[in-house]
Every structure is written in structure tokens, then in C-alpha cells.
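Chemist: The chain contents come next:
There are 2 protein chains.
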Amino acid sequence: MQDIIVQKYGGTSVGTVARIRNVARRITRQRKKGFRLVVVVSAMAGETDRLIELAHAVNPLPTPREMDMIVSTGEQVSIALLAMALHAQKCDAVSMTGAQVGITTDSAFTRARIVDINTKTIRKQLHEHGVVIVAGFQGKDTAGDITTLGRGGSDLSAVALAAVLKAAKCEIYTDVDGIYTANPRIVKNAKKLKRISYTEMMEMASLGAKVMHNRSVMFAKKYNVQLEVRSSLNNNPGTIIMKEMKEMEKVAVTGVTISKSEARVTIHSIPDKPGIAAKIFTALAHAGINVDVITQTTGADRKSSISFTVAANDVARTKKVMSTVNVKMKGIVDYDDNIGIISLIGTGMRMHHGVASKMFDALARAGINIEMITTSEIRISCIINQKDLTKAANIIHKTFQLDKRKQ
Amino acid sequence: MQDIIVQKYGGTSVGTVARIRNVARRITRQRKKGFRLVVVVSAMAGETDRLIELAHAVNPLPTPREMDMIVSTGEQVSIALLAMALHAQKCDAVSMTGAQVGITTDSAFTRARIVDINTKTIRKQLHEHGVVIVAGFQGKDTAGDITTLGRGGSDLSAVALAAVLKAAKCEIYTDVDGIYTANPRIVKNAKKLKRISYTEMMEMASLGAKVMHNRSVMFAKKYNVQLEVRSSLNNNPGTIIMKEMKEMEKVAVTGVTISKSEARVTIHSIPDKPGIAAKIFTALAHAGINVDVITQTTGADRKSSISFTVAANDVARTKKVMSTVNVKMKGIVDYDDNIGIISLIGTGMRMHHGVASKMFDALARAGINIEMITTSEIRISCIINQKDLTKAANIIHKTFQLDKRKQ
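First to last, the sequence lines map onto chains A and B. Mapping of the first sequence onto numbering that gives the first Met the number 0: position 109 corresponds to residue 108, and the numbering continues sequentially without gaps. Mapping of the second sequence onto numbering that gives the first Met the number 0: position 94 corresponds to residue 93, and the numbering continues sequentially without gaps.
This list has only true hints and no planted wrong ones.
Listed next, the in silico DSSO-like pairs over lysine-lysine satisfying Cα-Cα at most 30 Å (straight line):
#, chain 1, residue 1, chain 2, residue 2
1, A, Lys403, A, Lys187
2, A, Lys119, B, Lys119
3, B, Lys119, A, Lys123
4, B, Lys89, B, Lys123
5, B, Lys319, A, Lys89
Stretches of chain A that chain B covers, calculated by requiring three or more beta carbons in the stretch to come under 8 Å of a beta carbon on chain B:
#, stretch
6, 12-26
7, 61-74
8, 83-96
In case anyone wonders, no lab produced these hints; they're calculated from the structure. Only a predicted model underlies this, so the values are computations on that prediction, with no experimental measurement involved. Note that the Cβ used here is the ideal one computed from N, Cα and C, for glycine as well.
Here chain A stands alone, though its shape is the one from the complex:
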């Protein structure tokens, strides 16, 4: 049997007729090398937004089930077009919707979870045609209703198919070349990484490197699917995301990320009694609001102050929750959306001491004030003023010699 490769092309890669032809050429080339290919595609860039707009014009609050019904047509159009483009290049191929592939999900419309993939039909089609084009981002529940997987869903479709089909690898084609030591638009000397571990990638992804969604990386880690992130617009090698290897620990730091999309909430002058923090964070969790960095201090007056960060677009909902929680504790609530987070990530941190102090020192020398700090096993994050983010990223990148990193 020929090896199976799973490829995934995002909306930009299939955004125009010319780009669809370009993707078809890539597939044809791989096919001629003797691989069998499962190709997962997203909707053409802009198409999903067009459909959502149409839905909202009819009903400002459409039911999630009907949203999935309409939005899933975007990928269905892409798969047919890509199959047609392959046929025009004399490459056999057949398209399949998520439901046809047998991607079974739960019934959480617009954010469904994959529960099972029946590989019988796709294996048969793969055997007959050599190339199967699959609509990403979608599946069906056990009642036969069409579901979508939410943000990053097409990546997840690709990783899940790679896992169940035991593919040799899963290539994620996007509009960037791979994963960099920092965002090249912010840090001029950012270097592309040849390899990165799943865990590092997850820390990178959740902190602003918007290349891949965490759900997919987590899934890939669980099933040990080797990922490669690369560009559909050139032939440069990308970045391989794989399981951690001993030699990765030789390097203390893998990358720097920054994020502007968080806001800080502070509640001052509340009684320093046990259970206050629990009350706040339970209420936020019930509302589905994710809290990132948390700090708590107690002043000389025995009054406490708690600060935490939430995603900037959760601020409105956070205000609502806080106004309810605060009725009894009578604190003063402040919101600051002028903050930024700079993070340093690296598997090697576990082995190398002094990374944190080196980071704090570098920021201090540059006159950048650190407002909050949080750390995990392989990450150190500092909350600073948003206006200092670019400067901080460049300084930290240089301090840890990421610009001198060999691929």
C-alpha cells in the first residue's frame, strides 16, 4: 500500500480560481511521487463571512443548527472546485463532505467535538481514486444533522483524519512559511524553526502565534501525528511539530510571542476573607470566560486587591458578571485594555536556570515596567504596557540570541 499523506489548505490558499489551480498542481505533484492523498480544505476566503452575513440579515440570532447548515456549504463548494481543478490536470480525485466521510461529532452545533471517524468509505475512495478531497471544519452528529467544529476546525479535521488513517504526516498549508522564533512583522531577525515540540507549539498558539489552533495541536500530540506547517505559495520547507526529543532541551528558549488581545480587570478594596477569589472565578467560569494571569495582594488596611486578565472581547460579559458578584463585596472594579503580554517559551526552560531573571533584567534595563508575571513549566509571561510590546519583543529576542538560532 502507498503511504497516505494528509494535507490541509486554508481559505486563503483556495481563495481564488488561480489559487485553487495552484493547490491542484501541488497535489498532482505529490500524487505522481506515489503517495495517496487526503486533502482537507476550508471555505474560500471571505465565503464563510458572506454566509454569516446573509444569515444575520434574516435573523440576528440564528439557531446554531441552522448556522451549521448554511456555513457548511462554504467548504462543500471548495471541495468540488478543487476536485474539478484536479480533473482538469488529469489527476483523479473525488470530493467528500464531512458527513460523507463519516466524521461523527457530538451535537454541540458551531463548536462540535469529533467523537468518531468511520474510515470505511474514505479508504475505499482513496483506494479507487488515489486522492480524496474532504470538506474541513464539518461533520454530522448521530442524528444525521450537519455540525461544524468551530474555530480552527479544518486543522482539526486534517489532524483527526491523519490519526485514524495512520498517515505518514499531516501538512498544514497556510500563508506563512512556518513557525518563527517571533512574529517576523514585529521582530526583524526572527528565524524560522525547523522543529518545535507539541507543548511548545501549544504555548505559542495560545499566546498570539495565530498559525494553528491549540485544539488541533493537542489532538496531534495525543495521537502522535507529525505536523508540518508550511506555505502554499512557495516550496520552502516549513516547521515540523512533533513529540519532544531529548536534544530539544539543549536550547533554553524556542520563541517569543506577544498578545494585545487581553484586558486586565482589577477589583480593589475588598475584604480579605477566604473564598472571595473562588466566588469571582467560579462566576466567570460559569459564564464561559477564560481567565489567564491572576495576581492577588493584600494591603496594610487588611483590604485585598485581585487582578486578572481576560480576552479583550470578553470584557463586556466580564463586566456583567462582576457587577453581580460585587454586590456583596462592594469593591472598586477597574478595567484596563491597554495591557500587553510578552511570553518566552521553551521546553529547555525546565533544565536551564536563570531564564526568568535574565528576562526580567533585560526588560528592566530597557525601562519597561512589569505589571504582572505568570509562569508555567515551559513559559514565562509578563504583563506590560501595550505601547512597549514591540520594543520588548525585540529586546528579549536578542537577549536570548534567537536571531542567531540555526534552523
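Fit chain B to the known structure of chain A by using the hints.
Modeler: Below, chain B alone, put in the same frame as chain A:
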């Protein structure tokens, strides 16, 4: 159990957000009267053409399977939007694709035939939600591939669902008020018919009254589904299409139709030997070309001449076939696309004598030359010069007092 009504709305009726809301209001009104509703919708006007154009931009000759994959998304968008519009009007409803409904077809992509409808799921949804919105024009084959039913497919979906669900009736909403004694744009005094038999409707449909496709009427006749053709833009009663009743025969003539979309082919000076006609019409049949009116004459020189009409857009293919057939018979082949067909239709013709002579006489008095004639049990058609069609339609309409017809 509440009575089931099947409704079908064409592309114009759901062509804009405002029209979708309008359709939702109609449905809500019927629902409040206590009916359960199965509503079949087409793609929004223009959407199917947009998808076909996109496909052709990628591949000038797309495979029928992939065409059905892309084109079927048009109806899927409509059903979701209509369900959302109903929810906005507080009317419960759920959308279903052809595949989800369980409309099983053969695998003749782009022109599939319905072979079975499993009513289990749709009955369940109808019981739970009261209103089920079904994507017309589509189904799936036994392999699970998406198929489409070809021209007039949405009507067919509606009629077939009405048949299997034993619906009280099947309402076909379109942009005309119903079936008229003649095309009101051609004959000023044309009257809307209250009722018409399936057979009459089939003769009308195939001869230029483009309201409903023959396949659907034939299907309705077979399963005795009562149809009503009416407008989605007003509340006027439409025309009921039903099985023939004794009293229908009291009226000799039901309607007049004209058609410009045919061309005449004549082959002169061929030897008058048996089997010539058979040879010609077998070859045309093999090429899938439908022949309508046929006449054959033999001159004093023992040479024959055969004339027949084909659809104007089949002329190119007919020329090809004729050039092959004619190699041996060495006739002279003429094409005339300047012809028109005027037809008189009525179940009562069987009982009333003199209808044909009255028609010929009226045309003669008006100085209109009849070039060919053909008749069936309930129809008389004359081929005349295209420029005389409007005049002829008005004269015949008046001669048979169709303008005085009571609804």
C-alpha cells in the same frame, strides 16, 4: 394527526432576504391554521448560475458528480435561511437537505431519478417541529453521493414528498397566478383556469406554458397528488391540477399555447423506399434528440420528402446526425427556424366534433398559412410562420370563446 400540506417555492420566491421573510409569513399563517407543513425550496434566484460559472472557471467540463456537489449547496443555503426566518417569526421549523430527508435516486448525476423516499426521519421531524424545510432538486444515491434531479427538480421533490407523505395537497408557488387559457402577455383577455386535468397540463407544459415541468405533472398524475399552482406574491387562488372529471369534458377547449423554440428540418428528394423514415428517426433517437411533428409526402417523381420539428437548441446536433444518415440517401436537407407552433388543448375534444376544422377555418380567414399539422387525443397543433403566432393565438382564443370562460 394534523393534515400535511406540501409547499414548493421557486428561486424567485426566495430570491432576496425580504422575499424569504414573505415566504416565512405565508408558512406561519398556514401553520397557525393547524396544518403540518413540508416546504420545498429552490436555490435563491441567480445562485445556481453563480455556482455553475465558478465551476466552469475551474474546469470547462466538470464531472457531473462534482457539479452536483457544488450546485446542491444553493438549496442548502435557502433552507437554512428560510428556517431562520421562521424562527425570527416564532414559528418552529427545521431544515433538511435532500440526503437527510432520505430522497434516494439513481446515480445519473445532474439528471437523477428518484427511486425511493424513506419517510421515517421527515415524519419524526414533522412531528417534533410542525414545519420541515426541504432542499429541493437534490437527493443522494445508494453510495451516499449527492445527486440533483435536473430541470424542474424542485417541483419533482415537492410532488414526490406529497405522494409518499399522503399530503392533502401540494402547492407550487411561483411568480405567476396560475395556469391561463393562453399566455396573458400574448393574449390580452386570457383567463385564469380554476382547474385543469393532469393530461391537459402536460400538453400545455410541453408546448410553451413554462409554469411546471412535465416530469412533475406526470408524477403527480401517477400518484394522484392534487397540485395547486399559485403566486407567492399575492393571495389570489391559483389553478388546481387534478385528475380528469366528467364535467371537464363539457368544455371542448381549455387553452391555447404557442411555441417559438422549435425548428423544422426537411429532407427532400430521397428515394421512396421503406425504412427511410425509420433510419432517420432511429439515428435521432440514439442522439437523444426529441422529434415533435412529423409529415411525409411523396411527389409524382416517386421521390419522398420528410419534414419534422426539433427543439431549436437541438439543431446543431441534428445537423450532425443528418449529415451521417444522409450519406447514402443523398437527399437535400433544409433547416427552417422561422416556424412557430400554435396548439389548442382540451380534454373535451374527445367528445366535441369539429374542433379541428373550426381552428383551421379561423386561421385561413385570417390569412395564416398552415404548414404542418399534428394532433393527439386532446391537442391540435399547427406549424405556422413565426411572425403570425401572436395574431393566431388571439384569433383562436376568441374563436373558442376562451375570453368568456368562467373560472
